[in-house]
Structure formats: C-alpha cells, structure tokens
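Adding 38 to a residue's 1-based position in the sequence shown gives its number in the numbering used here.
FYI, nobody ran anything at the bench for these hints, they're computed from the structure. Please note that the accuracy of each hint is not assured.
In silico lysine-lysine, BS3-like type, Cα no more than 30 Å apart, as pairs [said to hold, decoys possible]: (1) LYS43 x LYS116; (2) LYS226 x LYS116; (3) LYS43 x LYS121.
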Amino acid sequence: MNSSKVGAVAGFIAPIVAVICILSAIVTYPLFSWTNNALSDLGVMPGVTQWLFNGGLCVTGGLVLIFAIFGLYRYVGKNWSGKMGSGIFAISTVALILIGIFNESFVPAHYIVSIAFFILVPIALFILTYNFYRTHQYGVAGFTAVIAIIATLPWILEFTLHYVPNVAIPETVSALAVSVWTIGLSIKIFKTTQITNNHTY
Numbered sequence: 039m040n041s042s043k044v045g046a047v048a049g050f051i052a053p054i055v056a057v058i059c060i061l062s063a064i065v066t067y068p069l070f071s072w073t074n075n076a077l078s079d080l081g082v083m084p085g086v087t088q089w090l091f092n093g094g095l096c097v098t099g100g101l102v103l104i105f106a107i108f109g110l111y112r113y114v115g116k117n118w119s120g121k122m123g124s125g126i127f128a129i130s131t132v133a134l135i136l137i138g139i140f141n142e143s144f145v146p147a148h149y150i151v152s153i154a155f156f157i158l159v160p161i162a163l164f165i166l167t168y169n170f171y172r173t174h175q176y177g178v179a180g181f182t183a184v185i186a187i188i189a190t191l192p193w194i195l196e197f198t199l200h201y202v203p204n205v206a207i208p209e210t211v212s213a214l215a216v217s218v219w220t221i222g223l224s225i226k227i228f229k230t231t232q233i234t235n236n237h238t239y
C-alpha cells in the first residue's frame, strides 16, 4: 500500500474513531447536556470519561494529520491553492490534537487551540473549494463548498442569535460536516490512487 492509500485509509478511519470515543465518553457521563455543555467539558470529567474524550481527540487528530500529509496534500498540492488549503487543514489537525492534550484545565491554551481548529478548518475548505474549481473538479468543489458552509454556519448563528446556552451543538454539527468531507475525500483519493496504479501495470 503506497503512502496516498495510507493517508486515505487514515482519513476514512479518523471520523469513526472520533464518533466512537466521543459517544462513549458521553455514555460514561450521564449528566452531559447537548444544550448546556461544551464537548470539551467531557475532557475534564474524572475517570474513564476524560481518557475516552481526550485520547479520542489525540488519536483522531493524528489520523487526520496523516490524511492531510499523505493523502490530501499529494492529491491537491500541485499548485499554490492546493498547497495552502491542505497545509492549513494539516495545521487544524495539530490544533485538534492539542485540544486533547490541553483540556479545559489549561487556560487559555485550551480555548486558543479550540478556536484555532474551528476557524482553520472552514478556511482550509474554502481555499480547497477554489482549488477544486480551478482544476475543473466541479463536483468535489461543490461538495467542499457545502461542507465549508455547514461547518461555519452554526458558529455564525451561535454568535449572532445565541440559539443554545453552550457550544456542544455547533461543535458537533461543524465536526460532523468535516467528518463527512474527510470520508468523502478519502474514498476519492483511494479510488484515484487505485486507478493510477492499475494504469501503471
């Protein structure tokens, strides 16, 4: 298996790991509220809850970083917009790992890396939308643009309308949107690599 396929497989697995770990952490903390908590509140709960949440973020971030470097960058990094978009996406995955390392007990480090993650991901996706459009991958460009909007909109609504007391819902909507995009791009990169390898023989 070449490095592009490794990156694609890592990108496919990462959201699955994240969902399993976060849902498991929620199950172990029955007092968790989708409206009154942030997801990161799970990271400071005693016992297995914090280990599931923080460990899950670190593993997920590591897998997505592998996807960003070996899958995404190799797929789009032939011009400046691809390099910039995949580079910013890679930096956002480092921020995700740091969210798991610096939980809410680390002030202000936790909030800085959390804000960095949720800002950098949409920026990366909008840049990648431009990259896909200029390379005539219009379907992927449209898909990426929709995901970027979905990842951004809950935060705009939260800061303008304050529709929930805390941020677990916007965090989840944004993260799930990016997860769908990561899985979709992973599948495309894997198939493209497979086709390229078949033509080589």
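We went through each hint and held it up to the structure:
The hinted pair formed by LYS43 and LYS116 meets the criterion: a straight-line CA distance of about 18 Å does not exceed 30 Å. Proposed proximity of LYS226 and LYS116 is supported: the alpha carbons are some 17 Å apart, at most 30 Å. In summary, the hint linking LYS43 to LYS121 is supported, as the alpha carbons are separated by about 19 Å, within the 30 Å threshold.
Violated hints: none; the structure is consistent with every hint.
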